[in-house]
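Let's have the full structure, built from the sequences with the hints guiding it.
Just so you know, the protein sequences line up as chains A and B, in that order.
If you count by the numbering used here, then the first sequence holds residues 10 to 233, one letter each, in order.
If you count by the numbering used here, then the second sequence holds residues 1088 to 1698, one letter each, in order.
A hint or two may mislead.
[Unchecked claim] Partner residues aside, some chain A positions facing chain B, computed with beta carbon under 7 Å:
(1) Glu21
(2) Phe24
(3) Leu25
(4) Asp29
(5) Arg36
(6) Arg39
(7) Arg40
(8) Leu47
(9) Pro53
(10) Gly66
(11) Pro95
[To be verified] Keeping only pairs whose Cα atoms sit at most 30 Å apart, straight-line, the calculated DSSO-like set for lysine-lysine is:
(12) A/Lys79 to B/Lys1411
(13) B/Lys1102 to A/Lys155
(14) B/Lys1332 to A/Lys79
(15) A/Lys127 to B/Lys1094
(16) B/Lys1102 to A/Lys127
(17) B/Lys1116 to B/Lys1094
(18) A/Lys101 to B/Lys1420
(19) A/Lys79 to B/Lys1415
(20) B/Lys1089 to A/Lys127
(21) B/Lys1332 to B/Lys1143
(22) B/Lys1378 to A/Lys79
(23) A/Lys128 to B/Lys1094
(24) B/Lys1102 to A/Lys153
(25) A/Lys101 to B/Lys1089
(26) A/Lys101 to B/Lys1094
Calculated directly from the structure, the hints in this document are not laboratory data.
The C-beta atom is built at its ideal place from N, Cα and C for all residues, glycine as well.
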Amino acid sequence: MRLRAQYSVGPELKFLANLDMMHLMERALRRAQIPYLLSEGFNPHIRMSMGTILPVGLWGEKEYFDLELKTMPTADFMTAMNNALPPGMLIKFCQEISPATPSLMKMVNAAEYAFMIKKNGLDLGGIVAQILGQTEISVQSRGKNKSVYKDLRPGIYGITIETADQVEIINIMVSVNEPLNVRFDELLDVLTVNGVDKELMLDFWRRGNYIKQKDKFSAPLEAR
Amino acid sequence: MKDRIFKDILPRVSKPARYTGGELNMVKKDWEKSQIKMVFAFPDVYEIGMSHIGGKILYGLVNDTSSHLMERSFAPWPDMEALMREEGILLYSLESFTPLNRFDVVGFSLQYELSITNVLNMLDLSGIPLWSRDRQENDPLVIAGGPVTYNPEPFAGFFDAFLIGEGEELLPEFLDCLEQNRGLDRKTRLLKAAAIEGVYVPALYSVEYNADKTLLMMQPQYPGVPARVRKRLVKDLDNAYYPAKPIVPYMEIVHDRAVLEVMRGCQRACRFCHAGMVYRPVREKSVKVLKSQAECQLQNTGYDEISLASLSTLDYSGVNRLVKDLVKTYGDKGVGVSLPSLRVDAFSIELANEVQKVRKTTLTLAPEAGTQRLRDVINKNISEDDLFKAVEAAFRSGWNSVKLYFMLGLPSETEADLDGILDLLTRVKSIGNRLSRRAVEIRASLACFVPKAHTPFQWRPQNSITQLEEKRRYMLKQKMRNIKLSFHDSETSMLEGVIARGDRKLDAVIYEAWQSGCKFDGWSEYFKFEPWMQAFAAFDIDPAFYVERQRANDELFPWDFLDTGVSKAYLYEENELATVGVCTPDCRLVGCLNCGVCPELEVNLDLKEEG
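Below, the structure is given as structure tokens:
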């Protein structure tokens, strides 16, 4: 069977690189004695695909992976995995998906990042309006090709502000993967350039990963 | 402290996962309820230190089986160190983020001579005085163990005590002793500890030198302090502690796999080999115990590979059965078995194929020398025939990458021996080309021979940097396609040699070198030779005295007071046999050869399976 799982990565694990996260998940699968399937060949590996890559330095609320395994009840899978995962990691939902479902890598094209900011009289509403009002937001790419300047504006789908006692949270929905990948650290630069002092930034994380079809955002896995 | 490090420091350093702790199976004991608080300090980066099997054993041993606690700390990489100094953050333990200066004991693992500058750097980062004599009542006791401490004298001034030999029994006894004497002054506690077999407290000994700078005498200054310190060892490895739940790091480390220690010791008697002499005698674990330890390790870690570790795993009497059983049990789950450096003669096609069923690794063989004559001198009892048969079998079974280890500068080495290495590599390659379908990759690693204390070659001179460089140029003159040669750095090897056979006068040099910025000396990108040479000059010490001198038969060595069980007379006889190129067989095959270790330490060669 093929299974898709949604999991969270706690702040204590935010410094893990993608490969570390993959090893962590594979080791948990082995400790939990999940009947995973192996690939063929000299170097057999577990048929798992980590569909979303959490950047180093971020923790995540809703990340996803797909796994191929011998049939087992999804509830048992979750229990066994959650016993085996280190503190800070939790599988929240999982469900069987059709073998025909496209891979996460192919589907996920949007993500939402959150920036927690200490209340300091800063007019966040004004700053957000200023960002959204720009027709072009040109940044030097932080990705592989650093000499390239790219325009982030078409990839910024929306910005919302949440307010709590001491803090405010800016949520930014952006385009990821092809054709325009808006990186988290590029967003951080945009906020700084528009007047959000780095000193006031208390935390940042990824809220979730989404599939955008026209103007509709859906999660790769919806709770039933 | 932890919050600040996570928020302000770690986002600014490379590989932050080195400094976060919190890994799976980490043990965080209750600080208040624990007796002696010890931190295991490893003077290299996290990914090296976490690969070390001794540390895993001690960590589990203290935390699982005693009322003391042990946490961990590693050398921060220079980017992290710079930030820590800038922000006034003391070096901390990964379990409780406690600064090292708040522990009762800071215990360093000395695996490599040149890691000593990192020891000093870590003490400095912890706010602990570097010199033992400067430490006050409230400062931790700074101790060390590990193979390098079989000649502790170059570091005598920095450590309050050394724990000599295997730690399974010694360390808990030492910690218990400190607990029992809590409240007494520092010196009294050290005096009490010095009475434990295996504990060496350097400050309790006086040392005098001859006019020619060699050692005249070394003696204890207090009653109850032993004149000779005898190493400790575990007699029955089956019943010794072995961790069931080792820590699983989040980041990739050097040896990122489960480890089974199949045996300890080796009696092949290679004359250059420090480990082969100081870890005697061979003590094996039974296959039954190993299988149950394998199950625990894999169940609790989730690793996809299990390595059978020892000095010479193919000599383990149960290796065939163990490998087959492990592959049978875990192979279909995608869990592989790996064997470290293989002995050339014991290699069997069958075993290689067992291992290869699951995962394929580079085949590593260690002929050490290029000609039969020189292999006889160093007592590496393998023939060319064995080597070629092993390589043939490997290529036939589908391996296409072979790595070979050699040493340059072995006693009596001539140009013919260097040619022998090149010839051997060429022949290995042609065997590969004949038998392998793909292009074969041959790599040779050429280390500089460094004579070590407690070995038959402890009397021998080491090649000078000039000699080694000449040999390197000679080797590189002949271009060979698809054969890669890599050389150890001759300057680094010289310093290793000085410390390996050094005396107490060197601690001042080491301190000076550290003050001039030396650290991570084992890392080529940080190694700085000049400051070391200036430090030698500052104290009017000629390094050649330690490395390039042929030592007299009756010279008293700074490490002679350490009793490994192997007699100096035996070592000298082996040295003489080397001169005439006569081999010494393996004592497990021909019976006792009187090295002394078994009767001295009342222990037996412990072999589990006859074969």
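Tell me the hint numbers this structure goes against, listed in increasing order. Failing hints: none at all.
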